[in-house]
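The lines below spell out each chain.
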Amino acid sequence: MTNHFNDIRHSKLVFFIGSNAAEAHPVALQHVLYAKEVNNAPIIVVDPRFTKLAAKATDYVRIRPGTDTAFLMGLINQLIVNDWYDKEFVRTRVAGFEEMKKVAAHYTPEVVEDITGVPAKEVVRIAKLLADNRPGTVIWCMGITQHHIGSSNTRACCILQLMLGNMGVSGGGTNIFRGHDNVQGATDMCVLSHSLPGYYGLSEKAWRHWCKVWDVDFDWIKSRFHSKEYMHKPGFTLSRWYEGVIQEDKIYQYTPIKAVVFWGCSSNSQSQYFKVKKALDQLDLVVIIDPFATVTAAMCEKDNVYLLPSTSQYETEGSVTSSCRQAQWRYKVVDPVYDSKTDYEILEEFVKRFGFADEFYKNIKKIPEDVTRELARGALTIGLYGWLPERIKKHTDNWHTFDLFTLQAKGGPCDGEYYGLPWPCWTETHPGTPILYDISKPVTKGGLPFRARFGTEYTYPDGRKESLLAAVANPGSEVQGGYPEFPGWKTDINVIREALKRGMAPFGNGRARCYCWNFPDPVPIHREPLHSPRPDLIKKYPTYPDKPDFYRVYTRFKSEQKPELVKDFPLVIITGRVVEHMGGGAETRSNKYLAELMPEVYAEINPKTANDHGLRDGDYVWVESPEGGRIKVKVKVTERVDPHTVFIPYSFGGMFMGKSYAGNYPEGLAPYVIGEPANIVTNYGYDIKTQIQGTKEGLCRLKKA
Amino acid sequence: MGARKILSRPERPKGQKITLNPKLARRSFLKVAAATAGLTGLALSGRLSRRVEAQEAKVPYPGSKIVRTICTYCAVGCGIYAEVQNGVWVRQEIAHDHPVSRGGHCCKGAGAIDMVRSEKRVRYPMKREGGRWKKISWEQAFDEISRKLLEIREKHGPDAVHWNGSAKVSTEMAYLQRKLAAFWGTNNVDHQARI
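Those protein sequences? They're chains A and B, same order as listed.
Counting from 1, one number per residue, gives the positions in the first sequence under this note's numbering.
Counting from 1, one number per residue, gives the positions in the second sequence under this note's numbering.
Hints listed in this document are in silico derivations from the structure and should not be mistaken for laboratory results.
Note that beta-carbon positions come from the ideal geometry of N, C-alpha and C, so glycine has one too.
Hints are not guaranteed to be accurate.
As the list claims (entries may be wrong) - Label-pair restraints from in silico Cβ distances:
#	chain 1	residue 1	chain 2	residue 2	range
1	A	P607	B	E144	52 to 62 Å
2	B	K134	A	E564	48 to 58 Å
3	A	T427	B	H96	31 to 41 Å
4	A	K366	B	E144	21 to 31 Å
5	A	A705	B	G63	48 to 58 Å
6	A	G663	B	E53	39 to 49 Å
7	A	E600	B	E53	29 to 39 Å
8	B	R147	A	E301	52 to 62 Å
Bound conformation, chain B alone:
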């Protein structure tokens, strides 16, 4: 993709770095957003985006650290430099020195940071009740789901549950998914590699 970089944060005085911690600063962010664009139009509005000046892009956020990580989209395994300030992922940079991607990114990888910053992330556990989604606590979720699964296992047998695992988790987690099915007592476990 082209070299145009877009950062989705409000206009700010030059040189002053602002951290938008989604937990702490979401409200004020939304206020700014609402003032600039209708909430529904926010997603596709270019008004919060602007070009980053070359010099500005080189100035690190004060006290930030750089984390080497790997893109979560495809199996090319591109390198990413993530800039983290105050526990917030503030900026990502291509990894020129990664031996496979060599500074390359597709449009998805270029927006890797949005995996964390997207407004569309599920915020808390939910269940559907009376045709509506209802917020529940983690304890309630774990307790209810486990109880229901164990009831099904008791009544119908371990093969009455099918586990669809993932090619989007770490190798360790994938291994644990397979191990979980084994300990549950079924081979009804599969994932995207099948298709």
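Chain A with its partners taken away, still in its complex shape:
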């Protein structure tokens, strides 16, 4: 999130697209409802499904799954053709406007209506609403990201906000409500196959930086790898690791995967789940480390699996980063229960046995505080240097001293600082950055320009040259206007200190790009879902060419886009959350209250579709995917979905293609509620940049059970 939850209290409009915050982030909604009731802000909800959030909206827009970019570009086009965009903002802080404008021009209201199903006049009306109610915030979740063009969808949201001048202002911003409690922290630490902590990537420079932080020899780390190539080559991802085992798509690695460790991670969140199951049966070793017996434990039918009880996070401690980049100290409530061990202890036992404990714990004597210190010293790119454990604890200890609207402490021990020291928190005295890219404040007081990451000038394909440096600067900046990044700022805190002393941002003061030449589509364009219900549009808006060696596995795009598929699989399958359950559901389905509140998986089916299939409320139905996945679930007849769409909540598990695996859990540990994982029927398809799975745009068919 560029802004924070409380800042939505300043919004004059709230635009949700692909988010069901009423179920996924219910407590955040109080700030949204304040904007609605006190500021009279329109609440626009764009979603294929009339969600619980839509019930709180002033304006609900039903959109065909997988067409978000077309809709967003349509709005952007309206802002431009009607002269509703923020010209001063574009002049001073945006690059690639001309190139983007040409692409957006294609998305007329009529074209948008054809692609998305949203009436042309609605496109114009919503664009006008956005223009008339500024600042507005744009909020999204997995409804935007889980598509083969997910990375285009997110960029289109950003461009929309740039056109409205809604970036870097209170009440504006692009605010992605993130899922798991510490998904922001874990992302920042890059438990990701393409980067070292702090988004440094996998280049030699990155490795050398972290080796310095760890105080280990670069050549020693290098010797740990199969070869230098594999040190720099992104690894398998959570969405496709199982292909490393079953190899239905070609893999680009010298060995198949033989062992997998699930450490606080469920497996039923992965699409085409029956393939995950196949991989589990083929592996030599599966290690599950979790407070609860996860679905993975029940799915393993071979003697290849270990289940180790880690504690819950209330039996250990450490910092946790909320969606708004704030750190809070999660204090330990009680000692580990039963014979469980903390994750830290379990890790230490393995590290000892792997034989590199001395190197691994060189700077770490006290856990977790010394770990906080080490990661803060290393992750300079996102400005974590100021995240000292003492400071984070002080903020949590004094959470009552922070202002409701600004999250700035009024007096007290944290006076003037922002709650949780939202990153970048450049130094040990920096107050944190509550709103990213806010040029109304000095950098030392939490202001920030756009990052000048891509040089100082760019020549577009048509020969046009444009400066990539901004034409404005934060108050107190030594340079009044744009400036490039300070050489060496990513690896040397002294460079950061020097920049701040001069009132400048270490990463420079650049322009936000509407034209990203390092993306497959420099400007976001619509591409039909791989499995499209509109074969007539595939020719006009085809997907990308196939991508070999994409995170070590051949990934099909064009060869997977078959226009005839819709004949056999006529309905679109989408998945989502229910408030009672979370993720794979191992925790929530083991909670008796939540189990009672939401005891069963179901498929939402429109009355017309239900009647056409002879289905009635409460019947059971087989939902089948083109890949061969099938699940038996209860029918919920409802107009929440349109006649072309089926919705299933995804947090269930313990059933598999009609069969119960309850008996396969360790005795007494089957959760109170089991059910078919929706991901058995989510389809093939992955984002072209990130390889996120496209679970919000597949096809399926129904058969009465």
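Got chain A sorted already, so can you dock chain B onto it with the hints?
Frame of chain A; chain B shown alone:
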């Protein structure tokens, strides 16, 4: 959610606070439970639940302490006041003064205490042997798993192991998970943020 509060402990004389330490008192708890409801029906039975009177909720457990902590469900990061007596988490309260959640909780956060008290927690290390789950010691678990992983590493290379880390652990632990993969010698490490 509504203001109705449910505590899952047996009826007890007014004013007398009882601590159910899961390590010490589990047996007696189960006896009570078995007497009241069939064990299988226990989970969804309302018979052990009752309304807490307003006054009663304000009386602290003798000698208890209050711990500030953060909900482990979603990234809103709601505050929780945990009441701990004799090393046991006995009660949780919303944090009215938390700047973001302001006393709000969803149904999941309201049951945060169940993360520790749930009967479904894994109690000891286990392995599957002959198609059945078997209890093993931590030493055996660490030794066997490490030996097997090192054998796979030796025979097939470091990339033959895939590490799925977590967005449900602390930032420090997430950092250590990434560092572990680096020291193991692979980039085959990922977590929920990917999807």
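Can you name, in rising order, the numbers of the hints this structure does not satisfy? Of the numbered hints given earlier, the structure breaks just one, which is hint 8.
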